[in-house]
Amino acid sequence: MADTREQYENVAAVYWPIAIGVFVLVVVLIVAFALRYRSDDHRPVEGRSRAEGLESLYALGLACVAAALAYLTFSTMAELEAGVPGGQSAAGEVAAVGPPALEVTVTAARWNWRFDYPRYGITQVGSGTRLPTLTVPTGDVRFAVTSVDVVHSFFIPEERYKRDAFPERFNRFGLRFERPGFRRGGGKCAEYCGLRHSYMNFDLRVLDRAAFERWAQAQRAAAGGAGPRA
Amino acid sequence: MTTLDAPPRRSGTLSLLGLFGSTDHKHIGLVTGLTAFAFFLLAGLLALLMRTELAEPGLQILRDDTYNQVFTMHGSTMFYLFAVPLALAVGLYLVPLQIGAAEIVWPRLALLGYWLFLSGGLIMYSGFLTADGAAKAAWTAYDPLSDSVATPEAGMDLWIIGVVLATVATMIWAACVLATLVRRRAPGMTMLRIPVFSWGMVVTCLLVLTAFPALVLAMTLLYIDRHFGGVFTDPGGPLAYQHLFWFYGHPVVYVVFFPFLGAALEAIAVCSRKRFFGYHAMVLSLLGFTALSMSVWGHHMFTTGGVANRYFALTSTALLVPAGIEYFDSLATMFRGRIVVRTSLLFALGFLGLFLIGGLTGILVGSPPLNYHLHDTYFIVAHFHYTVVGGTVFGFFAGIYHWFPKVTGRILGEGLGKINWALLMVGTLLTFIPQFFLGEEGMARRISDYPAYEGWAGLNQLSTVGAFVIFLGVLVLLINVARSLRLGRVAGDDPWGGHTLEWTTSSPPPRHNFEALPPVRSYAPLLDLREERERARAGAVALGADREELRP
Amino acid sequence: MKRSWVVFATFALLLGASLTLLWGVIGLGPIKGWIPVATFATAILITLVMAALAAGGARRRRGGEGDQSAAPRAIPDFSFPTVLAGIAIAHMALGLELGAWLIMIGAGALAVAVGSVAIELRATRRAAVRAGGEESAT
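Protein chains in written order, with my numbering: chain A, 1 to 230; chain B, 1001 to 1552; chain C, 2001 to 2138.
Be aware that a few hints might be false.
What the hints assert, rightly or not - One side of the interface only, derived from the structure: several residues of chain B facing chain A at Cβ under 7 Å:
id	residue
1	T1303
2	V1321
3	L1349
Read the hints as simulated data drawn from the structure, not as lab findings. Glycine residues also receive a C-beta, built at the ideal position from the N, C-alpha and C atoms.
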């Protein structure tokens, strides 16, 4: 399973310098030309107004840049999709590799979140007065996101990732969490969903594996010790 | 050669009523453009409301529900009632003049279009008069948010009706303009000799006629779903709606770009006193740009998990090729020109720079790994505002300063013009650059409020200040227009040394546009004539002729 | 390029290439993949229809495209029936929301408008014939 944050940084590290470089170059040329070629001479300029050879070469160069960017994007996407069942892939579903990671089912509703942990049979739900907290262990976690009403979007900015929550469908993906800690408002709803869309946030708590296991067992005990839910 | 008197009065006074019932394409174009601009001002006020609310955490002036109506109507007005009608309006006015036609094809249809557009806009806004307010499902009206369960209010239905009317009007105009381009070109004017602006209109009309039906279909299905159910109700329904909507929704941003790209390029060529460089390359790249623009719509849906992300990432990235050609041609037109820095040129150059920010960030978010983070955040808001403000607005303002003399017979003031430009440049940068950072930090879009602990207040305040600077800039334009209509320098036929046919006729042009047409041998017929005269004069001088004899 | 239908044909070709890439090479997408094909195909069809119209029109006109007859086409300076038609259609659309009564009123107004436009067209044609041009009526 790939680290979404790392993949984002890798791709951004190539795209941003190119974007800024191109922008600076073009602006410099615009300003330079506008200043350098000012003239009070009213006569029109006769000269070349076409250069098919040069433009073709230039277009080819642009196409190479586009191809390179596309290659970088595609290879990053392949890494992101490897090992995630139901993840976005042109070849269809890819089977999971390695030891099974924790699964969390995320259900979005207007205007709150519910997190189910099938392995432990526990549920975390937000209330009208308190944001829900998504508690996850460090390492890889698999998510299945759905909605009960309109389209929402499960967004964790620090993971550089979001996935839409559709009614009657599950979107599956994997995230890797590194730093233990509590992030207030670490998660947001990123798809406009009506009146209280602005407030549909959730807190994020990352625990190291041992602490997470303790937390999960404590939650299970508090809930009455029922078996894992399907 | 007319002498520089006051602009010629049209035979008989044209009453206000007459202006709104005229079959003259110039009147229809003008009235549509003015109505669209009025909607622009309205949508701008809505934007100021939003920016004022967002400057500080906590709700200060709007309730959540009101804010949702405001941002829905801001986006809806800007697209359905301002930018798209304006794109066709400039074509309605200028295309016949540029191709040497006396009239557009099907003028009654074009007039009908205006009244459908105006009615559609009024019906859309009538939502504010209902008990539950105007539509509030964003300009995109995603299902199921826009269905009768989530948004049962009448305002939503009125919005749908308004959108359909305004969009049908646009399609009617596109048919008229395209038919005119096909049928009414002057003798000698082949398709590869029509001006650059007119080529912009060709591809704009192609997009409207091939992509807009998808929106009409989406809206019709949405209306049926709301009242009878059963359209988008299977698990793939919401995604089906998004496919239909965005098949229109991406081309529409090119519809509002190409005419104003054309306007900016004309201003650049005329102010550089040099014919446009790379015309054939430009035509090819416009056609490629247009076909690609119809192939990228899935990049609005990368995070849905329901589209072929690779295909849309590829086509979206490929857009940089035709865009790059266009920038090359623009710069090459200026290269070794004889440039006069008028306000129209300033806006055209501002267009190039600001749109570039939008275009480059567009390539960025066209990469799914980056998109998964930046989608639906303020990064996207900043990206598309650079394309529409930098593109549509700056290109349009370049066109205003360039063609105002032709339309009104008077020249817009240069002093106020430069202040207008400076305010808009500063305002656009100040409003939207902070939003790139906000989006990167995770501020979602379409929110009425954000928590204080996020630390976003500072950047939001900067953005709000910028919005008011834009407002001042637009105010200066209005003052400039009002003043110049009365006191501006009288323009005559051709104040700038234009290259294209509209500059051979009077300002404003008579009812049937032209008394006579010069020969057309290229895409810059007036420039050809001028160069010929220069060569003849230089030749005669070389033979010893008296300069006086050569005056026309 | 003298014939404008080439523009439409080129555009249709480019769209076709795009669709082929989507359908044949990369894949339609996991859900509702037929919709991209349908929308593309419709767009290509519309473009081909426009190409046919452009080509047909050019052949019909003697002397090819760009041949403007000497007399300007006859058209009245104002057409208030057209204005009425627009307002009537808008009322019918609004009637979807406000009630059948408004649809009826709109339909009635539209009938009046269409009739008036027909009268207007006939008058225009008569005026054009009187002025001596046989093909000038719009």
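Against the structure, the hints:
| no. | hint | result |
| --- | --- | --- |
| 1 | T1303 | holds (5 Å) |
| 2 | V1321 | holds (4 Å) |
| 3 | L1349 | holds (5 Å) |
Hint compliance for this structure: no hint is broken.
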